[in-house]
Each structure stands twice: as structure tokens, then as C-alpha cells.
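In case you want the letters, here they are:
Number of protein chains: 2
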Amino acid sequence: IISFFFLYLLHYRWIEAKNSRGEVGLVPEDYIEINQAQPFTSGGNAAPLDLSFFDSHMPTPASTAQVSHRDNGNNPWTVFDNNASGGFSNNWAAQPEGTETGKTSSNAWPSGGHGHPQAYQGPGAEDDEWDEEWDDVKSSGGYAESEAGEGGAINRGGAHGSSMKISRNNNTHNKDVIQFIGEVGPVWAYPDYQLDCVVADPKKGSKLYGLKSYIEYQVTPTTTNKPVNHRYKHFDWLYERLLEKFGSAIPIPCLPDKQVAGRFEDEFIKMRMERLQGWMTRMCRHPVISSSEVFQLFLSYKDEKDWKMGKRKAEKDETVGVMVFSTIEPEGLPDLDLIEVEQKCDQFNRFTRAMDDGVKDLLTIGNEHWKRCTGPLPKEYQRIGKAFQNLSSVFTSSGYEGEAALTDALTAAGKTYEEIAQMVAEQPKKDLHFLMETNNEYKGLLGCFPDTVGVHKAAIEKVKEADKLVAAGKITPSDKTTMSKRASTMSYSLQAEMNHFHSNRIYDYNRVMQQYLEQQVKFYEMIADKLRHAHSQFTTM
Amino acid sequence: IISFFFLYLLHYRWIEAKNSRGEVGLVPEDYIEINQAQPFTSGGNAAPLDLSFFDSHMPTPASTAQVSHRDNGNNPWTVFDNNASGGFSNNWAAQPEGTETGKTSSNAWPSGGHGHPQAYQGPGAEDDEWDEEWDDVKSSGGYAESEAGEGGAINRGGAHGSSMKISRNNNTHNKDVIQFIGEVGPVWAYPDYQLDCVVADPKKGSKLYGLKSYIEYQVTPTTTNKPVNHRYKHFDWLYERLLEKFGSAIPIPCLPDKQVAGRFEDEFIKMRMERLQGWMTRMCRHPVISSSEVFQLFLSYKDEKDWKMGKRKAEKDETVGVMVFSTIEPEGLPDLDLIEVEQKCDQFNRFTRAMDDGVKDLLTIGNEHWKRCTGPLPKEYQRIGKAFQNLSSVFTSSGYEGEAALTDALTAAGKTYEEIAQMVAEQPKKDLHFLMETNNEYKGLLGCFPDTVGVHKAAIEKVKEADKLVAAGKITPSDKTTMSKRASTMSYSLQAEMNHFHSNRIYDYNRVMQQYLEQQVKFYEMIADKLRHAHSQFTTM
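Sequence order for the protein chains is A and B. Just so we're aligned: 403 in the working numbering is position 354 of the first sequence, and the numbers increase by one with no gaps anywhere. Just so we're aligned: 175 in the working numbering is position 126 of the second sequence, and the numbers increase by one with no gaps anywhere.
Don't take every hint at face value.
Because identical chains cannot be distinguished in the list, a pair is counted as satisfied if it fits within a single copy or across any two copies.
[Stated by the list, open to error] Mimicking EDC-like on lysine to aspartate or glutamate, the simulated pairs with C-alpha atoms at most 16 Å apart in a straight line are:
#1 Lys-435 <-> Asp-406
#2 Lys-506 <-> Glu-389
#3 Lys-478 <-> Glu-265
#4 Lys-435 <-> Glu-417
#5 Lys-534 <-> Glu-468
#6 Lys-435 <-> Asp-410
#7 Lys-252 <-> Glu-467
#8 Lys-534 <-> Glu-452
#9 Lys-393 <-> Glu-450
#10 Lys-256 <-> Glu-417
#11 Lys-428 <-> Asp-410
#12 Lys-351 <-> Glu-316
#13 Lys-534 <-> Asp-386
#14 Lys-252 <-> Asp-315
To be clear, the hints were calculated from the coordinates, so they are not data collected in a lab.
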């Protein structure tokens, strides 16, 4: 994928073409000339340029996926460990995974799904027959066997060989247009109607005469209002497709964690559903993702057959990895200045790092607060309540007349503090929970950005090298212009994504803070009410 | 004092008499016949009765004072240690101090102030000349030396020798009348006007050209509204007098702790003043104490000369220890049934123990709550506040337009949580403090009851023995009747004191709970208000 990325920057021009099966679509113009004069397109090994730069430093969607799977921020934060965040920090460092990918795929072509667990793909691997929601062993390799040969004579080193087939992007509507709005810079073209969906009604299903069971969620898009059913593994399949296709341009936050033990427990199902809802809503809100064919398939397939056919088609989609930039058009926007692009990148990098720190800080504090609110604090209120009630029953034993007013009031006060104890313990679920969930979601999202930004930084570096290449006669000045133009498109895309992120962030934090504070107000008001009532039962003697 | 107590039960009839100096007052009738036919009045050693029973088991006001000084419940509860309550528990057990007192005073007469640190008493011991507010070494022994011989030929083993002098109780107004009120049983005769006083305006004074300094408090009784000045050591002098005089009948709670280090610090002075106020208010509320000459002297002496003369007189008061019962009259009340008396005693004993446990429990819990409210909890709110503000400043660095509304609101929310942190930390001073102070006061008060109840239990035991004594011809049936009558008076007195305690307790706990809950309501309302305001600054996008 690395070298291919370089090729993308330099060479592709997209032309409409027809393949041997008569399918029409856009194909890279240069690719068709693959065996002509281009000195470094026949294979990575023969390339006169030092491609190892990209090989070792450029993150790939594959490595993104791997890193994200290890620490995707979706660990339930109730067991969040502050010290365990080291895995995440690695995202900011040079990524050894990239190196590995480069080694196993020395070929210059993008490897498509290489490095991903290739579950649910190969024919004969009937995914509904295994109960595990994730199984690398069973499913890996299926793709290579089943797809080999279909692409024709292209060497198997890179799945990109299959991009010789006509791309599914056979009309310009699939180009995601970047508009320019003065205030915030480049933004995606947002649809008039904001797609959303409801994930609800988890149901236990079973098959093989009850031998295998699973949970199925009902997903209802607001567009059709027609529910479709999906298991967690279908969401995961969608995630893989989106990551593969859009991962270079758009950070795709991981799904909530897979879990084997206890996954049929109500509490877990509820939590997973809530997080799947959060993930889906975020995906729905993204104009590029929500309008993509694979996402639309997921939300509104007509029947099983439609779903299965759509899946196959999506799995064969070639416009993946950096190829996605070919479908993006900065409509009417001038080429960007390299320095400016770099500055934007750096600024965004700094911002996401800082926000990542801030979010993690808030999560750590929130987690401690959660523990206190559900542990020692209510226990203390309960003990205060018990102490009042105990004193009241001691007073009752005095044998002194006219004590009942005090002891009744004291008992009521004691019970009030026991009620407060319960309120305190239950409150975090009503407010802190959402604050934590939102920040947890952002932690996951922010964890994807280093990779996304890395793709752009690498592109900029490559364009910077272009001058030398021109001087050495390795590329023409016109080639250099092409590279700049493409880097410019990537940069517009990143900026549009940054702006999308920012506007969503503002919306999300406004909403979650409002919700948090509203619940906090209610909480303290209710405590005050309860205490006011307890107070009224005491009489001045 | 032990054997004297027995004598009191059996023999005293009070007659008006005139002493060698022409002073007139009540003296025990039997005492005058001391060298006549009574077989066990000439000295403990020769007594045919086993007086060691009382010697070893009966608490004396002296031992009360000693025990109370060790663990009087006035240790500032901010350093209250749950495990350190062992000292207090001793109060409920047989008291080794009593044994010791019995040994050193084998003589049958009460030793008056024996066992007390006899500070401020002897002539030539000009108490204003030493700065220490408590000094056993300097002041002890002064009394024995200066008073010896004054009492005539009476052997020095017991200071009661000096009771040969005419008692100061030379009119029946000084008899504290117990009234009977159907509902609650015997009660003290309460004055129409409830005395109170204000302890305020602590001022640093000095003497010996600034060599010695001290704090003087202004004490203003509500009766005269004329302030008098008192140093802590004057309060302590008053405490000693009250303990000596009333300790057998009325539990005299200890003063707030003496303290040498830091006693000029504002915080300490304020706390001490508050506790002196609490102590004085409690003393004012007691009809027997507040009407006593020594208490009136303390509150309303005219000038230095008046004060010094009054002090001398009070120090020479002979109606101390169990003698105080001679000044108590259960007006128109029938003699009590012994069984009933014993049951009342036991019930009250159980009650005070149970309340003591309850109060200590509340203090332990309150102390923990105090620590949490002033330690980790506000720190957590502060961290939440800082995290919000930090996130806000990260957001500000985004370079994205139209962020100001969110960042301003987020900063405000952060500051609100910092304010809440401060409120949380300061709140205990506004509510928990008074709840703790009241319970601390009651802890001290309850610690005095085992001794007071012990005096009565011992008296009952002795009266029970009377049958045997009559059978053995050691006392007459009429003597037995006298003993019963006196034990009855003591019991009425205890019951009046119990009822005084109960009614005060009901008043105090009503008041403190009202205050606590009122402040708690205000606290939670204020938090809700602050959060409501913070909430209003977020805008729905």
C-alpha cells in the first residue's frame, strides 16, 4: 500500500473504462500503462526510489486497525486503568506494525485488506455457522484462496491487482465533494437530511436447533423507518469495510469491545447496544460514510439475499485505502500551499494530542469520582442515616414521656440519609455515565487521528522530495504538479475531516455537558427537597 | 468520704446551730453527738461494719474528677480516635481510683476536696501570678497547710472536720426543691426566668510588665447584662467548685481541654470560647447550679475585691460531696420503694450507656465524614473543575471558529465545580461542626453519669443491708427508716437530674438537628443554583 500511495500521488489520472466483463467504471489511467515507461511501477523491488521511507513510517489502514483493536478506547471505562494507557501512546510514536506490513508486502501495490483479520469473506466460510463473534483463525486466508485468479494475470502480492476490474464508482455522484466555507475552511458537502438510526430491541436468537445463540439488534434508519436486524458481528463487518475503504481519510472509531464471557447478560447487552447506537449515530452523521453504498446496504437491505449479495460486492470493492482520495473532489478549490498544509497538519496534530490528554484526564477523574460516588460516599451517608436512626431508637428507650416527636423526626432524618445514600450511588448512571461515554468515544476517535494525519504528513514529505526527483530527472515538472495537486486534495480532505470533527465535538460536548449539568441540578434539588422535608419534622421546643 | 456517705444516709438530721465564731447555719444533728453511742462513727478503722465495700466500689466525686480529666469527651473531636475510647469505657467498670481514695483516706470522714488538684486555694498562693492555666505541683497541698487547725481538734484525715463550722446554708431558700410532675416524675424546681449568658470578645491581656500574657473572655449574664471578665483558669476554678459541691448529685461536664501550645492562636481561642459558651449555657440551664452562690458569684461579681472574697468563701464551702443531698428536699413526695428506685437506676444506666454508644458512633462517622468533606471530596470536585477548564482551553486552541460559546460555558462549568469544591470543604464548619460539638458535649456529659448513678446504686445497696443491721441489733428500725428516707431523697434527686437531662437532650437534639438539616438544605440548594446557572450557559446547537 505504501508505494501504491506514492504512485497515487504521482501518477493516477482516472479514466472511464470497461473491463473484460463489460463493467464500466473509473480506473487509474496510469495503471493501464503499467508496463510502459514508468520506472517504478512494475514492482517495489525494482523501484529506483527509496520507498522504504513510506514502508517504515507510513501508517496503513491495516496498522490502524491493529492498533485500534488493542486499545480502542472502548474498554468499558468502569474498569479503565490509568496506567494501562501506554498502548494508546504508541499510536503517537512511529509504528512498528507499518514496518512489518512493509516487509510482508514488499510489492508496491496496496494489499487491500492485508493485515486485517479477513473474517466473513471467503465462500464456504458460512459466517453464520460459528458462534464466536470474532475468530481470526477460522476466517483468515479465505480471501486469498477464493479471490485468487479472478483478477487475471496480476501478481497476488497486492490485492490491488483486482482494481483492474472496473471500480464501482461508476458515476460522479459518488465523488465526495468538499465545499469551501469562509469561516471554517473546507467542509464536506452535507446532505440536507441528516441520517440517523435507532439501535434497539436486542433479542436472543438461536440456530442449529438451539445449539448456537446470539443477540440480534433491531436497527431502524430514520429515512426508511424500516427496521433491519443485525448481530454484533455484522456491525463488526461494517466496521472493517469502512476502515478499509475510508480509513486513510476518515478516522473510523472502533466498535465497542468484543466480549465472550457474560455477553448474554442484560447489563452487558444494554451497554453494548448503547455503544453500538453511539457508533452508528456517529457514522450516520458523517456525510461521506453515511452516503456510502456499504453503509446504506447495512441500514436498508431488503432481504437476506439482498444483504448477502451486497456483502459480497462490498468485500470486492477496490476503492479502498488511499484510493479513496480519488473519489474526493475539492470542488473549485485552488491547490494548497505545501507550507500551509503542513501547518494545518501540525496544528491539528497538536490539538488532537492535547484533547486526547484532556479527555483521558477527565476519564481518569470521572472514573475516580464514579468509584467514590458508588462506593465510600453512599456508604457514609448510609452510616449517617443508621446513626440517626440508632440514636432515635436509643431515645425511644429512655422511658421519658414526650419524646415521640423527636424520635419520629430523627428516624425520618435517618431514613432520608439512607435514601440520599441510594441516590448518590445511582446518580452516576444518570449523568457521569454519559459524560464518560462521550469522552470514551472521543478517546477512541482521537486514537485514530495520528494514523489519519500520518498519511497526510507522509504525502507532504513525498511532495517535498519531488524537487530532488525533478532535478535528478526521475520525474518531470508536470509530474511534480500532479503530485502537489493530489497532496492538495488529501489535505482538503483532512481539513474537511478536521472541521467535521470540530463541529461534531462542539455539538457533542454542548449536549453532554447540558445533560450532565441538568441531571446534577435535579440530583441536588432532590436532595435539598428530601432534607427540607426531614427538617420540617423537627419542632422547636 | 465513703464512710461519711454511709453516715449521711443513716444519721444526719439537720439542725440550725451557731459555731464558736458565732456563725449560724445547718449542721448535721448526729455529727454533734459524734462521740456518743454510735458504734461506727469514731473512725473507719474501728467500724464494725465492712466499710471496705463502699471504699472499694463507690465512686467518689474525686474519682469522677480524675476519670473525667483523663477522658472527658472534650478532646477536640477533630482528632477523635475511635480506638482511643478505652479510657472512657473504664468509667463503666469498677473504679480502681475509688480503692485508692479509700486507702489513703482510711478515716471515715469525707475528705472534702481530697483527690482534687487543689489549685487556687491556699493563701499566699496568689493564682494570678502564674501563667499556666493548670499546675498541680504548684498548688497542691496548699489547702491542707493553710486550713489545718482552723477546724479545731478534728483529725486531718478528712477535710470534713471543718464541717463542724456552721454550714453556709443558713436559710431554706438554698434547699433545691424537687417538684413532682405527673408525666415525667420528679423534676427540679425551675426558675421562671431562664438564666443564660454570652461568652464573647476574647482579649489578650498581660501583666508583670508584659512578661505573662493570657486570654480574657467577656461573660455577660442575661440577668444583669453587665459583663465580667474571666480567664480560662477562672472557668476551671468554677468547674472545680461545682464538681466538689454538686458532683454526687449532678453530672458536671468537664470544661474544654486545657492546652498550652497554640493557645493564643485565633482558631483555638475561637473554638475554646465556643465551648466555654456551650458549657456556661448548660450550667445556666441547670436550676440547682445556676442558682448556686458560687455560680452567681462567677457571673455577677461587682469588683475584684468582691470576686476575691467570694472565691475564698466558696473554697471554704462545706456543703460538698454527698452533703449536697442535705440541701435537697423532695417537697411533698412520698418515700420511694427501693425496688422501684433500683429499677430507675438500672434503666437510666442502660440508657446512658446506649446513648453513649450511639453518640460515639455518630462522632466516629461524623469525623470520617468531616475528613472526606474537607479532604478527598473537594479535591475531586476541584479536579473535575480543572478538567473542564483544561478541556475548554484545549478547545480554544483548536483554531476552529464559533467555539467561544462552548469554551466559555465549559470554563464557567469548571469554575462552578471549583466553587462547589470550596463549598463542600467549608460546609462541615456550618453544619457538621455543631452536630459534632453537641454530640461531643453529650459524650462528656454521659461520661459523668456512671459516677453519679454509682453513688445512688451504692446507697441502695447500703439500705438493703439495713435489714441485716437491724437484725444484728447494730441499728434500730427507726435508723433504717431514716436511711431509706435519705436514699429516697437521693433517688428523687437522681430522677430529677435524669429528667433534666432528658428534657435538655430533647431540646438540644431537636435544635441541632434542625440547624444541621437547615444548613444542609441551604448547601444543596446553593449547589443546585450554581449548577443551574452553569447549565444555562450551554446552548443547544
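These are the hints, each one checked on the structure:
1. In this assembly of identical chains, Lys-435 and Asp-406 lie within 16 Å of each other by CA distance solely across copies; the values are 13 Å between and 42 Å within a copy.
2. Taking the shortest alpha-carbon separations for Lys-506 and Glu-389, only the intra-copy value of 12 Å comes in at or below 16 Å, while the best inter-copy value is 96 Å.
3. For the homomeric pair Lys-478 and Glu-265, neither the shortest alpha-carbon distance inside one copy (25 Å) nor that between copies (55 Å) is at most 16 Å.
4. Only between protomers do Lys-435 and Glu-417 lie at most 16 Å apart by alpha-carbon distance; the minimum there is 15 Å, versus 26 Å within a single protomer.
5. Taking the shortest alpha-carbon separations for Lys-534 and Glu-468, neither the intra-copy value of 66 Å nor the inter-copy value of 53 Å comes in at or below 16 Å.
6. Proximity of Lys-435 and Asp-410 under a CA criterion of 16 Å is satisfied inter-copy only: 10 Å between copies versus 36 Å inside one chain copy.
7. Taking the shortest alpha-carbon separations for Lys-252 and Glu-467, neither the intra-copy value of 37 Å nor the inter-copy value of 45 Å comes in at or below 16 Å.
8. Proximity of Lys-534 to Glu-452 under the C-alpha cut-off of 16 Å is found in neither arrangement, the shortest distances being 89 Å within a copy and 31 Å between copies.
9. For the identical chains of this complex, Lys-393 and Glu-450 are inter-copy neighbours only, at 14 Å across copies versus 80 Å inside a copy, given an alpha-carbon limit of 16 Å.
10. With identical chains, the CA atoms of Lys-256 and Glu-417 are never at most 16 Å apart, being 43 Å at best within one copy and 56 Å at best between copies.
11. For the homomeric pair Lys-428 and Asp-410, the shortest alpha-carbon distance between copies (15 Å) is at most 16 Å, but the shortest distance inside one copy (26 Å) is not.
12. For the homomeric pair Lys-351 and Glu-316, neither the shortest alpha-carbon distance inside one copy (31 Å) nor that between copies (77 Å) is at most 16 Å.
13. Within a single copy, Lys-534 and Asp-386 get their C-alpha atoms as close as 10 Å, which meets the 16 Å cut-off; across copies the closest is 111 Å, which misses it.
14. Within a single copy, Lys-252 and Asp-315 get their C-alpha atoms as close as 11 Å, which meets the 16 Å cut-off; across copies the closest is 68 Å, which misses it.
Figure legend: structure checked against the earlier numbered hints; hints not met, in rising order: 3, 5, 7, 8, 10, 12.
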